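Please arrange chain B on chain A, whose structure you already have, making use of the hints.
So the protein sequences, as listed, match chains A and B.
When we follow my numbering, the leftmost residue of the first sequence carries the number 44, and every step to the right adds one.
When we follow my numbering, the leftmost residue of the second sequence carries the number 19, and every step to the right adds one.
Read the hints as simulated data drawn from the structure, not as lab findings.
Some hints here could point you the wrong way.
[Unchecked claim] Computed footprint of chain A on chain B; a stretch qualifies when at least three of its residues, placed anywhere within it, have a C-beta under 8 angstroms from a C-beta of chain A:
no., region
1, 54-62
2, 183-194
3, 243-254
4, 262-274
5, 292-298
[Unchecked claim] Cross-link-like lysine to aspartate or glutamate pairs, in silico, EDC-like; alpha carbons within 20 angstroms at most:
no., chain 1, residue 1, chain 2, residue 2
6, B, Lys290, A, Glu461
7, B, Lys343, B, Asp188
8, B, Lys293, A, Asp266
9, B, Lys316, B, Asp351
10, B, Lys401, B, Asp359
11, B, Lys395, B, Asp329
12, B, Lys293, A, Glu461
13, B, Lys401, B, Glu143
14, B, Lys290, B, Glu382
Just so we're clear, the structure is a prediction, and the values are computed from it rather than from any experiment.
Glycine included, each C-beta is placed from N, C-alpha and C at the ideal position.
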Amino acid sequence: MIFNSVTFLLFFVLVLAAFWVLSTRARLWMLLGSSLLFYGFWRVEFVPLMLVSAFTDYWVSHRLTGVDDERRRRRLLYLSLGVNLGLLFYFKYLYFFTENVAAGLGFLGLDWSPDLWEITLPLGISFYTFQTISYTVDVYRRHRPPIDDWVLYATYVTFFPQLIAGPVLRAHEVVDQLAQRAALRWDDFAVGAQRIAIGLFLKVGLADNIAPMVDAGFAAPLDLLTALDIWTLAFLFGFQIYFDFSAYSSIAIGCARMMGIRFPENFNFPYFATSARDFWRRWHISLSSWIRDYLYLPLTGVEVREPGSKGGLEVASRQRRDGALLLTWAIMGLWHGARWTFVLWGLYHAIWVLAGRWFAPVTDRLPALIRRGLAWPVSLAVAMLGWLPFRMESVPDTLHAFQTLLTPSAYGRLGLRENTYLVAALLMVAMVLCYLAHTWLIPRLKARPQLMRPLAAAFFGVVIFVDFVYLRPIQQFIYFQF
Amino acid sequence: MKSSAPHESGNKAPQTAPTSSGSWVGRGLSILITLGVALALLAFFQPPTKQRTEDFALGPYTSSYRAEIEGHPIHCSTLPGGPRCVDAAQHRGHKQAVLWLGNSQVHGVNAYAPGQATASVHLFEHFRRQGVEVQTFSQANANLQEHYVLFEWLRPQLPLAGVVVGLCYDDTREGNLRGGISPALDQQPVREGLGTTAFGRALLERHDERATAGDDAAALDGTLQARSEGALTGWLTENSGLWRARMAARSRVYVSLFQLRNATFNITPTSKRPKIPARYRDNLDALSAFLERAQAVKIPVQLYIAPIRNDLPLPYDMDDYRAFKTDTRALADRFGARWADLEGIVPTADWGEKGTTRLGGGGEVDFMHFKATGHAKLADRLKPLIEALVAPSRPGGAP
Chain A
44 MIFNSVTFLL
54 FFVLVLAAFW
64 VLSTRARLWM
74 LLGSSLLFYG
84 FWRVEFVPLM
94 LVSAFTDYWV
104 SHRLTGVDDE
114 RRRRRLLYLS
124 LGVNLGLLFY
134 FKYLYFFTEN
144 VAAGLGFLGL
154 DWSPDLWEIT
164 LPLGISFYTF
174 QTISYTVDVY
184 RRHRPPIDDW
194 VLYATYVTFF
204 PQLIAGPVLR
214 AHEVVDQLAQ
224 RAALRWDDFA
234 VGAQRIAIGL
244 FLKVGLADNI
254 APMVDAGFAA
264 PLDLLTALDI
274 WTLAFLFGFQ
284 IYFDFSAYSS
294 IAIGCARMMG
304 IRFPENFNFP
314 YFATSARDFW
324 RRWHISLSSW
334 IRDYLYLPLT
344 GVEVREPGSK
354 GGLEVASRQR
364 RDGALLLTWA
374 IMGLWHGARW
384 TFVLWGLYHA
394 IWVLAGRWFA
404 PVTDRLPALI
414 RRGLAWPVSL
424 AVAMLGWLPF
434 RMESVPDTLH
444 AFQTLLTPSA
454 YGRLGLRENT
464 YLVAALLMVA
474 MVLCYLAHTW
484 LIPRLKARPQ
494 LMRPLAAAFF
504 GVVIFVDFVY
514 LRPIQQFIYF
524 QF
Chain B
19 MKSSAPHESG
29 NKAPQTAPTS
39 SGSWVGRGLS
49 ILITLGVALA
59 LLAFFQPPTK
69 QRTEDFALGP
79 YTSSYRAEIE
89 GHPIHCSTLP
99 GGPRCVDAAQ
109 HRGHKQAVLW
119 LGNSQVHGVN
129 AYAPGQATAS
139 VHLFEHFRRQ
149 GVEVQTFSQA
159 NANLQEHYVL
169 FEWLRPQLPL
179 AGVVVGLCYD
189 DTREGNLRGG
199 ISPALDQQPV
209 REGLGTTAFG
219 RALLERHDER
229 ATAGDDAAAL
239 DGTLQARSEG
249 ALTGWLTENS
259 GLWRARMAAR
269 SRVYVSLFQL
279 RNATFNITPT
289 SKRPKIPARY
299 RDNLDALSAF
309 LERAQAVKIP
319 VQLYIAPIRN
329 DLPLPYDMDD
339 YRAFKTDTRA
349 LADRFGARWA
359 DLEGIVPTAD
369 WGEKGTTRLG
379 GGGEVDFMHF
389 KATGHAKLAD
399 RLKPLIEALV
409 APSRPGGAP
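Excised from the complex, chain A in its bound form:
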């Protein structure tokens, strides 16, 4: 089921009503049933697959508690990883793998052209796989006990607001909230509804209306795009994916909040980051912290003492750290899609992080004013250009685009429809204004509730108007494909 549809709104109203009238136990059953229904509205045949993944980790986590032998424990962990990553590999990477093996063999003069059957990528598989893996690893690391209640566990894995595109939730963030009976609070209800309205606004009002311009721009022959066109398209796609993805997170957070359940934030004005590390503290926060705890730190050889902790980290040599960083980012890229362009995107971000480290001795010596003045625009430009490999069709296309950007004579003219530049510029201005409103205006207005309330109500009137007028399931959320 997709959020930007009448079907979902009706479904959610019914689930919400049932949630608040049922007992705690009945709520869990209802949430599990409605989550499976939510998933089955897309393809019912993939519901058992999700349950197999969930049940494997449930079983493994319980076996882990009864075993002290580290080798057996590790074998159980590998079993869980094997099932989860095996399914992910089959559905998401088998084509990619065989294509590349065939190409490699062809390079060696061997002809191998496997005739693969059609494989449909199950919606949200990357998200629920990561979620179940994190749970099993947490139990393996003895960071948490296994969940005894199968219904509670299955509800945690399949909980519909975050099922398809996150946030990637750890068990400690949500299981206790699901198990307890939350009190019905007006603020949860109101804030949740506001988050849903804002999310729909970002999706149907902004992202879906930018999409045709982005599609048309990236469909244009590359030799006809100028450097300014490529900059514009990078920014525009950056806005589109941000609105689209943060919309999903916002709606997910809002739905959960209306049920008295608090999800962690997934975005925090990422385009106001001042470095690569800062960017990843603000963008897809749940995934970046997952990758840190379950991939990067193990690769560096560091032990994570408790989930989500910042301390207790022992770092290996610089070479191992940098190597782990590059590998982590390549995998992070590949997680987004089975294409070399995504790997390139991941490595681009790894290099951005490494460049921050390499140049730190130089930048740290700059006067604070200059350092701060440069940090945001430079980070914004680097982050936006990073979307080129993410959106381009192939690695050669991406390299061609970067080559154009480095060609001074390519800055002489414009090749896109005028509105494309205008919309990109307006969105940039609007984003700065929103940031200022968020950090400066709203905190001041909150001190004057007699002014704040009617202004907020009028603002949400505009938001709801846009939601109502533009609500159409014409575009799925971009992150569904991941």
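The following block gives chain B in isolation, referenced to the frame of chain A:
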């Protein structure tokens, strides 16, 4: 030692949006203000008159008119309505048909009054006496790729003896196939036809890529979600005036944004419209493929440079505009098509104004749409061109 992990943020504490806490009266008032603003905006963005949604962009002084003769259409737009035109042609049973493809100039009538006729009516009436069916297909902001696809879609369905295509420079600034035309690319005869030219194959490839990866609506086809959404929105459309008001509001919002842009940047109908290189190339490639295909299947084509109001400086870079004429003529020569320049055939008196494209009232020069008298003049100039087009295929006609 401090870690240099790439993502050290951990999970942030949940942020809270502004809350609406306060008394129940305050909360009730907030809800009322929210709903009041939303409804006021919905009412504000409704059309002031019973103007059709598709006419918003034409402004209040120009109407779209696609004629029916004796209850059967002679002028259609895209695939959804197209079969009615095909059925009508088959019903009339003429042995020859001429297809006329164009943009909103063909169906837009400035200062339209009931009883007036468009050029498509004049041509239909004139040629029906000779046993030739003139069928017209036009869309607002049509581009040459769409003409090419419509030709392939209609070719197996009509006994085509010729095709007439109006060429407007503005059309080369448009791109992509609209939703009313792109489904043709899923039909086998169209795919086979397009598959015979390089550009046709590129169109198919783009379409298929969208259908499999990017076209999100296609990913939902046949799912429970698609069926329930269809049923629910269908029910709402039938039973809720509020729901039906959405479409008009959507169009009005776009028009208002367009007007706001024009007012802000002082854009007027006389402002120069630069060439968009990628789109220009795509459209000229489409025209080339279309002419190549028409030549291969022995259907003669008449291209004409569409009339434009020329008592004022044209809103184009004149070098680009001249290149457009030269390029299209060269393509016509290359593929044995006919080419005519009808740019100046409609005198100033037959052109009108259009509603302002900026905020506020008043009118502005309309370079694209003329009055019914202009339609008559265009039809008069097209008649001999069409005569010449169909003559070779008549018994005893010149080879």
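Evaluated hints:
| no. | hint | verdict |
| --- | --- | --- |
| 1 | 54-62 | holds (count 6) |
| 2 | 183-194 | holds (count 3) |
| 3 | 243-254 | holds (count 6) |
| 4 | 262-274 | holds (count 4) |
| 5 | 292-298 | holds (count 5) |
| 6 | Lys290(B) - Glu461(A) | holds, 12 angstroms |
| 7 | Lys343(B) - Asp188(B) | holds, 12 angstroms |
| 8 | Lys293(B) - Asp266(A) | holds, 15 angstroms |
| 9 | Lys316(B) - Asp351(B) | holds, 15 angstroms |
| 10 | Lys401(B) - Asp359(B) | holds, 14 angstroms |
| 11 | Lys395(B) - Asp329(B) | holds, 17 angstroms |
| 12 | Lys293(B) - Glu461(A) | holds, 10 angstroms |
| 13 | Lys401(B) - Glu143(B) | holds, 11 angstroms |
| 14 | Lys290(B) - Glu382(B) | holds, 15 angstroms |
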